[in-house]
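Enquirer: Chains as they are written, first to last, in this note's numbering: chain S, 34 to 147; chain V, -9 to 99.
In case anyone wonders, no lab produced these hints; they're calculated from the structure. No residue lacks a Cβ here, since even glycine has one placed at the ideal position from N, Cα and C. Each hint should be verified, as a subset may be incorrect.
What the hints assert, rightly or not - Just the calculated beta-carbon pair ranges, DEER-fashion: (1) S:111 / V:64: 23 to 31 Å; (2) S:104 / V:47: 47 to 55 Å; (3) S:114 / V:32: 25 to 33 Å; (4) V:9 / S:114: 44 to 52 Å.
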Amino acid sequence: EAGVAQSPRYKIIEKRQSVAFWCNPISGHATLYWYQQILGQGPKLLIQFQNNGVVDDSQLPKDRFSAERLKGVDSTLKIQPAKLEDSAVYLCASSSYSHTGELFFGEGSRLTVL
Amino acid sequence: DAKTTQPNSMESNEEEPVHLPCNHSTISGTDYIHWYRQLPSQGPEYVIHGLTSNVNNRMASLAIAEDRKSSTLILHRATLRDAAVYYCIRIQGAQKLVFGQGTRLTINP
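This is chain V alone, in the form it adopts within the complex (with noise of 0.2 Å):
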């Protein structure tokens, strides 16, 4: 039901870019891609989203693939409090967030 597809886990370094992939290859042409995180103990927490082109914020970048099958997540510079468990997720109208397994982050001093 989510119909989005994330790697397990990944792994990076402290002060260097992560990238966090998504498939999303079944999206309609009205779907937002949202991204949330996860800290451990506490709820998810909105990081940031797209539906065609390339977005920034102070958290985070979000690249979208011209088809729109995926989306890339860009930590410019991770720190240790970066380490979360990262969601990709398809609005599908009237804001229904569906939650898949996500990516667990780490992140090495």
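Only chain S is shown next, with the shape it has when bound in the complex (with noise of 0.2 Å):
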């Protein structure tokens, strides 16, 4: 069974310059997560959605992230503009809709900012 894919592995930019993540989950399962994780911390839940509707993105900085999952499949986040503080992992998780909650994470975006 092919893992939850992101892509791309290492990004470095500028600030104030936008970026672009993808993620590709496990096929068929219908929940998807981005979550932040800051170097010494654990991950940060930025957005959750089940199919292709956003279920929490209470603590997503809106002004600067966007994420959208159109048809319910892979999912983009992006960034604009980018601040130093946003130097980070982007991880990218799926799970199925169950009571047991077991999320499938990728290997993750390290995103430098310049």
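Make one complex out of these two single chains by using the hints.
Expert: This is how it looks when you write it as structure tokens:
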């Protein structure tokens, strides 16, 4: 079974530029998550989708971050304009909708903002 | 928001058992306890979960206190590959995983 795919693995940009990350979840998984992990901290949930609808985006900085999940499959997370404090690993995860809550994570996209 | 408390770090020796504690004193009756671990430069990986009873799987065992206010992840025989950050997480409905700081486990050869 293929895992969660993310790209790019690494991205370096200057502040005020824009960047986009892509995630393809495990086939058939209805729920998709984007997490931000700053060095030395645990992952922080940015947004959760159920199919193509948003379940929770309470911690998404909506003035600069946006995310979409068209057709309820793959998803894109965009940052525009980027700030220095956005330097982090952006993790995508997916799960089938069940009470067990087991999430499958991708390897992440590491963003460095200079 | 994480509502779980774990030691920042622990150290153990290879081939010895490891007991990783987690405090979740404000847990509600329907919250599950999940454990994930994160190896260097990788995304988190599911380890085990439970509600009230002790649980075993191929990776680990989970011992949940009778009052459910604490739990312990048990690695029966640690290997160097078990060196990781271990996260204890309460699932608060709608599968929302809120990660804390976790416990950094070091395994000595």
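Enquirer: If you check the beta carbons of residue 114 (chain S) and residue 32 (chain V), does the distance land in 25 to 33 Å?
Expert: holds, 29 Å
Enquirer: Tell me if the beta carbons of residue 9 (chain V) and residue 114 (chain S) are separated by a distance inside 44 to 52 Å.
Expert: Cβ of residue 9 (chain V) to Cβ of residue 114 (chain S): about 47 Å, so the range 44 to 52 Å holds.
Enquirer: Assuming the hint says 47 to 55 Å, is it satisfied by the Cβ distance from residue 104 (chain S) to residue 47 (chain V) or not?
Expert: Given about 34 Å between the Cβ atoms, the range is violated.
Enquirer: Is 23 to 31 Å a correct range for the gap between the Cβ atoms of residue 111 (chain S) and residue 64 (chain V)?
Expert: violated, 42 Å
Hints 1 and 2 from the list above are not met by this structure, while the remaining hints are.
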